[in-house]
Each structure stands twice: as C-alpha cells, then as structure tokens.
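There are 4 protein chains.
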Amino acid sequence: MLNIGIIGCGYWGNHLVRNFYQSEHWNLLQIADKDQNQLDKIKKQFSNLHTTTNVDELFANPDIQAIAIATPVASHFDLAKGALLANKHVWLEKPLTLNTAQADELLLLAKDRNLIINVDHTFIYTPAIQKIKEIIESGELGEVIYFDSMRVNLGLFQHDVNVLWDLAPHDISILNYITNKKPYSVNATGKSLYKFGELQLEDIAFLTINFTDGTIAHINVNWLSPVKIRTIIIAGTKRMLVFDDMLQSEKIKIYDKSVELKNKEDIYNMLVQYRSGDMHSPALSTKEALKEEVELFHLAIINGKPTITDGASGRDVVRILEAANESLKQNGAEVVL
Amino acid sequence: MLNIGIIGCGYWGNHLVRNFYQSEHWNLLQIADKDQNQLDKIKKQFSNLHTTTNVDELFANPDIQAIAIATPVASHFDLAKGALLANKHVWLEKPLTLNTAQADELLLLAKDRNLIINVDHTFIYTPAIQKIKEIIESGELGEVIYFDSMRVNLGLFQHDVNVLWDLAPHDISILNYITNKKPYSVNATGKSLYKFGELQLEDIAFLTINFTDGTIAHINVNWLSPVKIRTIIIAGTKRMLVFDDMLQSEKIKIYDKSVELKNKEDIYNMLVQYRSGDMHSPALSTKEALKEEVELFHLAIINGKPTITDGASGRDVVRILEAANESLKQNGAEVVL
Amino acid sequence: MLNIGIIGCGYWGNHLVRNFYQSEHWNLLQIADKDQNQLDKIKKQFSNLHTTTNVDELFANPDIQAIAIATPVASHFDLAKGALLANKHVWLEKPLTLNTAQADELLLLAKDRNLIINVDHTFIYTPAIQKIKEIIESGELGEVIYFDSMRVNLGLFQHDVNVLWDLAPHDISILNYITNKKPYSVNATGKSLYKFGELQLEDIAFLTINFTDGTIAHINVNWLSPVKIRTIIIAGTKRMLVFDDMLQSEKIKIYDKSVELKNKEDIYNMLVQYRSGDMHSPALSTKEALKEEVELFHLAIINGKPTITDGASGRDVVRILEAANESLKQNGAEVVL
Amino acid sequence: MLNIGIIGCGYWGNHLVRNFYQSEHWNLLQIADKDQNQLDKIKKQFSNLHTTTNVDELFANPDIQAIAIATPVASHFDLAKGALLANKHVWLEKPLTLNTAQADELLLLAKDRNLIINVDHTFIYTPAIQKIKEIIESGELGEVIYFDSMRVNLGLFQHDVNVLWDLAPHDISILNYITNKKPYSVNATGKSLYKFGELQLEDIAFLTINFTDGTIAHINVNWLSPVKIRTIIIAGTKRMLVFDDMLQSEKIKIYDKSVELKNKEDIYNMLVQYRSGDMHSPALSTKEALKEEVELFHLAIINGKPTITDGASGRDVVRILEAANESLKQNGAEVVL
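If you're matching them up, the sequences are chains A, B, C and D in order.
The first sequence begins at 0 in numbering that gives the first Met the number 0 and counts up by one.
The second sequence begins at 0 in numbering that gives the first Met the number 0 and counts up by one.
The third sequence begins at 0 in numbering that gives the first Met the number 0 and counts up by one.
The fourth sequence begins at 0 in numbering that gives the first Met the number 0 and counts up by one.
One should not assume that every hint holds.
It does not matter which identical chain is used: a pair holds within one copy or between any two.
Stated by the list, open to error - DSS-like mimics (lysine-lysine), calculated; alpha carbons at most 25 Å apart, straight line:
{"no.": "1", "residue 1": "Lys286", "residue 2": "Lys43"}
{"no.": "2", "residue 1": "Lys237", "residue 2": "Lys227"}
{"no.": "3", "residue 1": "Lys250", "residue 2": "Lys132"}
{"no.": "4", "residue 1": "Lys181", "residue 2": "Lys42"}
Note that these hints are calculated values from the structure, not bench results.
So that you can see chain A by itself, here it is in the shape it has in the complex:
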C-alpha cells in the first residue's frame, strides 16, 4: 500500500479522489486545492480526508510517496518539479507541460532520482483503445496507412490553452500508442472564431501529422460543433477499423475491406480492385479506465518500471502540440519535429 496526495480537486480531480480512495493499493493521505470551497465539498463526501490549501504540506509530508496533479497546464511544471524534488513519484494531468523544454527538465529530474512520472492520458487505458492496440499488433489490419480522427462538440472553453492542446492530446497519445511509428512533421490550420480580449485561442483546428514511413494522420478538433463526434478511422493495408466512441455498443468495427493491386499490369493500368467483405465488432470489457490506470501506476512504482503513459510518451505529445502551435503561427506551413 502506497500513500498518495492529490493537488487540485476540480472536475477531474474529483475522479482521481474517488479512484485513489477506493483502490486497495493506495492510501489517500492528503488533498490540496487553492479553493477552500472545493475542499469543503470533498470533505462532505469523504469526511475522513485531510485537506489543505497549501501544497507545500504535501511536498513536506514524508509519508507521501506519490503526488497526483490535476491543475491547469500552466502550473504543471512547477508543481511536478516541486514533487520530484521532494522525492515523490508524479501523476500529471495531460498535457504534461506547456513545452518540450519543461518536459525534458522533469524527465531528467525523475530519471536522476529514479522516480516514476505518469501522464494521465486516461484514454489509453480504456478497453476500446486496449482492444485496438491488440488488433493492430495481431497484424489483422496489415500495415497502418492512415489515421483520421474527429473530436468535436459544444464544449466548455478551456481558459489557458487552445482547442488543440485541450482535445488533440487524446488523439495524439492514442495514435502514438497504437501505431508506434515515428512522426516526422506537422501542419496545423485553425481559427479563433470567438475572440476574448487579448487572448486569441483557436477554437477550431485541423492537424496533419506526417510520419517518416509515409503514414499520414489527421486530427479535426473543435469546441463549436452542434453535435458530439468522436470517431477515428484507422486504415490498414489488409483491413480497416472504425472506432466510434459515441456508440453505446459496437464501438469498434473492423471492415474486411482493402485495396488490391493484382500485378504489374494492373499498376500500369491503374486498375485498382477493392476487396469488400464482412464486418466484425469485438466485444469490449467494461473496466473503468481510470481505475485500471490507478492500479498500474501503483504497479509501476513497485516494480520500478514505466507506465504505458510514462513521461517520455507525454513528452512526445507535447512535442507535437508545440510544433502544431508553431505551424499555426506560420499559417499552416510544415514544421519538422
């Protein structure tokens, strides 16, 4: 049993509190938040929890082995650095940091002190993404040739980052996790349709990611859609997969469809054949992703091995987001990673 402290108990922090509280491998020692009201609400539900408005209490507490941070991105670096310097393992809300330099510093610090950093890309732990990973690794799809994601809804605006930094981390982390390919460059276009004072945060954006092996990925995110869409198409040379996260069942469909070039003459004549066969939808388990992640974080610390959403993977996501912002500034021009 390990002892944990949590910093930040807003919307997502509450989920962390519930899951660490219910876990058999964690002992939730202390919760910190700047806002006493948030702490009071937590106390009502879990009367025996210790709360504080001073994060330093957590850093200073020698019984705490790990700290989970669920605060706005801008504060991630300082809080995580503080925790690492106090020799605590760190669980950080995504995205990891505001830029790669910060990420690199945290990773180095953790490495030096043999500490685990887990970036909370919860989506990676869902039964659907685990199943997709399994399908791709089995070779069922053949070689992945493109990844096309749409993640739009009428969402609450994030105040400190644009829509790419808010929504695309899901897709980028999924993309990296399931394909395990090396991204080469990115292009991003977008717009700040609702402008607020001095801030010009894009609320709609389109990201293309080019890979060294010719694979292409596209991510369409916006906060201004009347309908909620959560769809990823993953095309392989043998079969193609559609993941629709809005469906209550049959979220993953594998289509026995592909393009076939029979022989050289076909190529010369460009007579392309489409093979079109059955569709198959695998059953998914009903495990809660966050619960799973909480257990695996514990295991990673115990075994001294990185989680599947470790600091390095979180840094890869930040690197792409950083380049995407750069491309936005350059009106969509290619930015090599």
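Chains B, C and D: place on chain A using the hints.
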C-alpha cells in the same frame, strides 16, 4: 425546344442522355463517344438516337444549339473550345478545366459569342443544398463562421486527377454557393498511399480554405475509407446546421445552439455560455437534381442569363483546386488565391 | 423535513437510499433488509445510517412518517399494509401488488387513514415523459390514435414475475399517464421459452390494449433480445411522435405527418393523402427523475394531495397486468377489464 | 427461351416488364391491362412491345408459355385459373388468392396439367434473406426460438385488403422459408383507425403465430407510422440475428449472445447466465431479387421442378392470413390452422 448533342456516354454521360431525352424542352440530336461499344449500349435503350465516334460531326451540325461534355477533365478544354467556336452553348462535367488559364480562355470565348457555359455541379441543384441556401439566406443561422465537410468512401480511383479534384469540387461549389464569401487562401495536406507507376496522385487529402472575413472551411476527402461518410457541419453565430447526405430522411438538422458572450465582463472572464435548444429538420422535396439542372440550362439559354453553376462559378472552383495542388507541393504551406 | 425509513436495499433500494439521503426535505432515519451483507455495504457508503434486519422496528418507530418499500412484488402487500397500519405514508416499488384485490385493500386503508401511497413508476418523472405529456396536452398531436411500444433486451430474469409484470408496467403507466384514456380490454400472447422447473414464466410477450374510444395500444416486451430497444410510437390525428430512449440526444421526435381525408368523394374513392412535413426534436432538461419524484412525494404528504403516480394509478396498472395474465391463460382471447 | 405475357402494368407490373424484357431466357410477347393509359406509358419506354386491353388474347395466344399476373388480389383467382386452363405456367403477385379454397383449386389445376405456379414473394430472393436462410441452416444460431418482425411506414393504403394482407405476406413467407417449421395457430389484434364508407379495413395489426414446437413469431404491421421500420429479430439458442432492411449496409448482424443454463441446480435456482460476445455482419451480394426470381422461374419450367416460392408456399401464407382475419373477427382469440 432546343437541340443538344452529348459527348461522352460513360457512367455520368448515361445520366445526361436519359435526362435530356426525357426533357420536354430538349431534343437530343446526337451522341458522340470514342468507344463504339458504349454507343451500342445506348442504341439498345434508345434505338432512335443518332450516334457517332466523331465529335466533329456534332460541332459541324448546324441544328445543334448546345453540347454537353461528359469526358475526363483533361479533354474538357479542347472539346469545350471546339463547341464554343462552333457557336454552341456548353454544358461541362465538373471540374471545368485542368487550370485557371484554360477556364479563363473558355469564359472569354463564351462572353465574346454570347454563349452560356454551365458547369455540371449537380449537387447544387439537389433539394438539400437548395434548402440550405434558403436557410442561410433567411438569416436563421446568423453569420456563417465555419464549414466542415467530410466526403470519404472506398471509391473507384480516378485515373487522371487526385482525390481533391475528384471529390472536393462538390464541397467547394457548395461552400461558394451557400456562403457567397470571398476565399483568401488555402492549405492542403495529403498523401499518395497507393502509388501507381510514375503517377503520384493523392488518395487522401485535407483542405483548409481561409476567407477574407475570418470564416474557415475544411474539407476532408479520401478514396480509402471503409465507410461512406458525407457530412457537412455549417456553424452560424445563431444556429448550427448538420447535413448528412447518407441518411434516407432528415438529411438536414438545424440545432438551436450557439455561443453567447453576454457582456464585456464575460469577455474579460472568458465566461462563455452555450445556448442549447431544440433541433429542427425540414422536409425536402424529392425532385431529381439533374432533371432540374437540365431545365434550368434550357431556361438560361432562352433568357440569355447565366445558370447558378455558370462558367465563372466553375472557374472559382478550379482556382481553389489549383491552389490546393500548389499547397500540396509546398508541403501544406498557405497559398494565397 | 420528514423522516423516512427504507425497506429493501438491493439494486433499486440503493438508488432510493442515495436520493432520500441527499434530499433537503427528507431525513433518512432507518434502513431495513433481510440480508445483513446488503446493510453492511450501505453502512460503508453512508456510515451514519441506522440499519436493521427487522422491519418491525421501522413500523414501531414513532419518528418515521413514511416508508419506502423496494422489495420483490410478492412482499409488497404485507409490508405496505404493515406500514399503513402503523400510520406511515407509503412509497412502493412498481408494480403495486400481485393483484387488484390487494391493491384495493391498500387503497382503502390509505384513504381511511388519510395516508399517501406513491407507486414508484419513476419513468413518469423523466424529462422525456413530462415533455410528451406536455406535447399531447397542448394538442400538437391532435387526438392520439395509437401507442406502440417495444421494450426488449438481454435482461436478468426476474424470479417471481413474468416479463409482462417486469417490463410492461413502464409502458402501461406511461400510456395511462399521457393519454388519460379509458382502457376497455386486453389481449396478451407470449411464451416461456426458457422453462425453469415448475415455473413457467413468459420471457417474451405481446400485449394489445383496446380503449373505449377506439384507440389501440401495443406493448412488445422480452428478456431475450440481442439488442436493447426502447421505442414508443405515438400517432395522433395531426402529428406523430417517436420516443427512442436509447438515444443520447434527440430522444423525442415529432413528425409533421398525418393522414388526411379531403372530402366525401375522397372517402368514397379512398384517396387518402399523407401530409409529410418537417420534424422537430425538443430539448429536454437533465433532471434526475428519481430526485424529482422524491421531492414530489414530500410535497404530496405536506399538502395532503396525491402524487401523479398515486395508489389509484398503480392499481390501474395492476388491473391491466392481471387481465393480461388472464388472457395469456386463455391463449390470447380478449379479457374485458 | 420461353415466351411470356404479363397482365397488369401498374407499379409492380412495370418492374416485371423491365425484368422479363431484359432477361436472356424470356421473350416478352404481350402485355395486357384494362387501362390503355398504362399501356401507352409502357409503349413509350419499350416501343416494340405488343399490348392489349383484352386478357383473353394472352390466353388464346398459343406461343405464350407463361403468364405473369400483377393485378389486385381479388382478380388473382379468375386470371390464374384462365391462364392454367389455357395451359400456361403462372406467376402470381402475392398474396396468391383471397382464401385457401381458391388457392387449393389453383394448385390442383396446376398439378393436373403439370404447370408451375410461382408466387411472387420477391423478398425470398433478396441476398439478405438468402444469407439468413444459409446462416440458419448452418446451425450458427442453434435452434430458432422466436421471430419478431416490425414492418411499419406511412404507406399508401391498399384498397381491397387490410394491412395484414398487404404487408404481412412478406414476413410470413420469410418466416416459413427460413425456419421451415409448422405453424399451429394464430392470434391477431388490430384496428381500423381510418374508416372509409362501408369498408373497415385494419390499418394497424399485430399477429402472433404459434408453432407446434413452441417457437413463437410476432409480426407488427401498420400504414400509419411516421417512420419506416423494417426490422426482424431472430433469436436462436446459440446466437441471435437482427435484420434491419433500412440500413444501406450491415443489414444483417449476428450477435454472439445467448442464454445458458449450466446445470440442474441453476435451473432450480433460476440462475440464468447471459453469454455476450462479438458481433458479426456478413457481406451481402448486390443481385436484384426480381431478376434472380425471373431466371429461377424459367429454370423451374425447364426442369419441371417447383420454385422456392411455389404455389404450396403461397397457399401456406394465405392460410395464415385467412386465420388472422378470423382471429381479428373473434377479437384476438386463438385460431388453430
């Protein structure tokens, strides 16, 4: 009653033959195709039609007032020029030409001779697009702020143009027609995933169109999708519209949703409110678009007025496609129109 | 603030505990269940609650003003009678009792003692059903002419009642509530496809309810469907409504469709015209039905007025279920109510 | 090559004309219809066809080997009898006749003269129904335990039969074809919601069919639904199948779900387990059903073997419809076949 000749009777040419044949305002005099087999098939259905493998017969026929051309894009310019020089009105399959220079020459020629050019952007004549145009003009959506289209399927490859030139003309013509806004620049990314000999035609592509007034449009096209998707989201400042052309009914849905900034303090605090209300789906007529277009082409010639898909509108589409190809070559960099 | 005790804390009882616990108008004094394990689980969540395996403690407690019963149907009568005799208001899980005779006895007892009986037809309190009621009362649909419900899934079998008594109470209570019409007779067919020892409980059944004014209702329920369907079609003379409870949004759709008989000659020729117009989907609130019901139960007791799901309405549901069972025994023959 | 004549060229007759005209095995000699206007329309499309308003010409024509009849049900018996007496093979629109007595007389006549009767239950020839038949025969579903069909829409009223005789023949013929089980009795309820003069034709009806082996089938048909639904659930002891004919793809879904009773104790305790696994949707061919049927009718005559929708199968459908009408008259009481 006007006399027409048709050049090209492949897949789409057959639809033209049927519609001009059945029209009360057109007399289908002659059909030309290089392939005698195609002509024989037509003769079986319509035994009284005159056919020829020599297009010059149509140009030379003084009884023919208009010529419809349904051949590959590469041949559009020469055939249309020949028809215009023979003083025939011209109906051209989309896209109009291979580039803007060709389009400009045809437009000039037609203007000099007082001839009508109609570009067959059939989609514009569908009850759905006509209804969307009507809705936008009524002010029901407020100001259009973005347009996001997805048009993907497992389609037969086009042999002479990439997927942008094959599929995006639909979306670009719809976008121009319904918003009536001035595009400023484009970005295009994409990939040729299946390469054929020397040709490197993109089979997946993503196009961003930026408008002078800040509106943004995005078009996602590919020939390699396991599922057929035909969806356009049009967001306005007051309401938002989703058009799903794959639905058998309720193709258009208008959502009483929008973003509201109440006052200056809201802007300062970035407290954005989402208004979320009812949804409304208008009934659509069941008129055949092509039949409608055939009648309006007749009317345009009689009245000497341009069609809603005239040469100029077709030229605007080509201009954007041309710039998109340029952006593809420049790895997605912005190309100003 | 009123004091309540709850008997039975299985699946549904847990929801009652949570809602009465969180209510500002209720003080949850005591919980009874035969099974000490269930009580222990509750204690873990709500450590300050008093629990007992002896229901008589609740009846004997003079501080308790109302008792909520969430036990199997067979025990409803005795427990409710005990509560009423102890001068407690009663909240009963649906269906009210095993037969009309029991229901009548409870209703009489409550009337004599000026006590409120609320039957927990929770569905009636959902925003969707409240909206449908509002739409019908506004006259928007015209006169309701038929009601057709399908409620099927792969569900856990109920042990003591057949599928009609398990699933159809939802539909019957909705039907009675929204149409306010007088049912005249019922026909029921069905089958016990999986037979268990001596018990022959129908796991698939079809119920027709005939009304005195010619309206017809049909309810299709089964526990053996691979897909979960929750659809009700309500046709009116002016418009028609479809309620699909499985949708995450747009659960209610109102179709501007109807049948029109223009004049006497039309009738002679039976030239019926269908009017087919727009579709409209009203926004729904996100209130939790059970929370609403808990508050309205409190209000009913305070004001001495019946709830909208009072004992009489619960008795009407039982009467139809009783007749349905009779019809099943008579191989589907009509049973007059 | 066989010679055929067609009687009746309304909506469906037109499809027959087109298919027999295009077939390589049929020579369409003559078409008869009471209405000269209908014949004129046909002549416009197929200028070389012989037409007549006198059906006797077809009976008298010694070159005609088969006659297809696509007229209202009431005229089927006389026309088919005339054709058989003239030694022509007969193709009859569904349902075969107005009652079993008529059907029996036609079947006897055909048997005596070695003539083929084909009842045009076109649905049986669709790739979907052929695939379902194949799936059931493969044993993939286990034993079929129930069949539940819904076939509703806002349809043009039939003038001479009720909704059961109009829509249910599809479901009954499918049910008989795919399960090959012996129906024992029927119950039917329904209503004539729009009454026309003297006629009281049910426009909404619910049919239960009980089989000797305990299987149960239910068919829900109506002409007054705002939405078009065409769904059949077929539950087997091993797997369950859903057929949704309104979908453009994935019309058939096979769910790896079933109910399992592990051992006697389970039965005693009624501890039922649901097995829930993957879903699979087979690809379907795109053959036109009517074209297939036209070829198989030719083959049946050549080989002297019955079609899969022969007179006997058509008679079985009429028998059930007849009994359904009887049950409607008896207010839903069971009518043994």
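* **Those earlier numbered hints the structure runs against, lowest number first** => 4
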